[in-house]
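The sequence shown begins at 0 in numbering that gives the first Met the number 0 and counts up by one.
Derived by calculation from the structure, the hints in this document are not laboratory data.
None of these values were measured; they are calculated from a predicted model.
For glycine and all other residues, C-beta sits at the position ideal for the given N, C-alpha and C.
Treat the hints with caution; some may be incorrect.
FRET-style restraints, in silico, Cβ to Cβ [stated by the list, open to error]:
1. 84 with 282: 17 to 27 Å
2. 238 with 126: 45 to 55 Å
3. 198 with 255: 16 to 26 Å
4. 238 with 272: 22 to 32 Å
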Amino acid sequence: MRIDLHTHSLASDGTDTPAGLVRAAVEAGLDVVALTDHDTTAGWDAAADALPAGLRLIRGMEMSCTGRGEDGRPVAVHLLAYLFDPRNEAFAVERERLRGERVGRIRTMAERMAADGLPVDPERIVTAAGPVAGRPHLARALVEAGVVPSIEAAFADLLSSRGRYYVTKADTPLSEAVRMVADAGGVTVVAHARARSRGRLLALDHIEELAELGLGGLEADHPDHAPADAQLMRDMAAKLDLFVTGSSDYHGGNKAVPLGRYTTDPEAFEALTARATGVEVLEG
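From just these sequences and the hints, can you work out the full model?
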């Protein structure tokens, strides 16, 4: 069984439609795929309606959070939330707030670039991106304007968290997010916690605290994890009695990583689904 638990569609910063993504999952030889767009469930229905025979769909989301960094300062962290009930009122309100933060940040970053003479149109970028605006939308605009040669180059310089145009947003405290997802019947996994290329790292003792609050698992095998860091996550999961996931973090044309590049063991999939009480796994 081939299982990829971290993918993105046009509902956030991927390039495939949700329907196209589930079709691509079958073409990639997957048996299970999770749709985990940033801070939104907007692609759930379209993916479910197009679900091909033989494919199972886990409905999820990648949540923008803030944790405690290794240096003690706040650090941006992504939390994968699976199979939660989207009707849970408190969680629905928080998702809406996060989407507002996303739009405000991209608008401000684009305005700063335009003020410096870069050929970007803030209103056009925000309108095209929609309610889950992210830096990849701004990166595409920079590529189209000829400012940078690629999306990767945009993130390495102009859009870097260490760059002059970067704007922070008020993300959900990580501990609060774990509780909130659990209250909505969902299961949580810390995404790419050792992705050194993304900047500062989440403190390992914060992960230990999350395990006590009900965290389900850790993403170990990921394109941004070095082998030693993936092993560290596996060792930590074993120590804390968490399950381990592997995934592509597929974004279509926005990242050169194919579906199924890394996968999750069936035992971890069973552990995840056994804990969820929000919504069911869908079968095509």
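Confirm or reject the claim that residue 198 and residue 255 have a C-beta distance inside 16 to 26 Å. 21 Å, holds
With 17 to 27 Å as the target window, see if residue 84 and residue 282 comply at their CB atoms. 19 Å, holds
Distance restraint evaluation - residue 238, residue 272, Cβ atoms, bounds 22 to 32 Å: About 23 Å separates the Cβ atoms of residue 238 and residue 272, which means 22 to 32 Å holds.
Should the hint that residue 238 and residue 126 are 45 to 55 Å apart at their CB atoms be regarded as holding? Since the Cβ atoms of residue 238 and residue 126 sit about 47 Å apart, the hinted range of 45 to 55 Å holds.
In terms of the numbered hints stated before, the structure departs from none.
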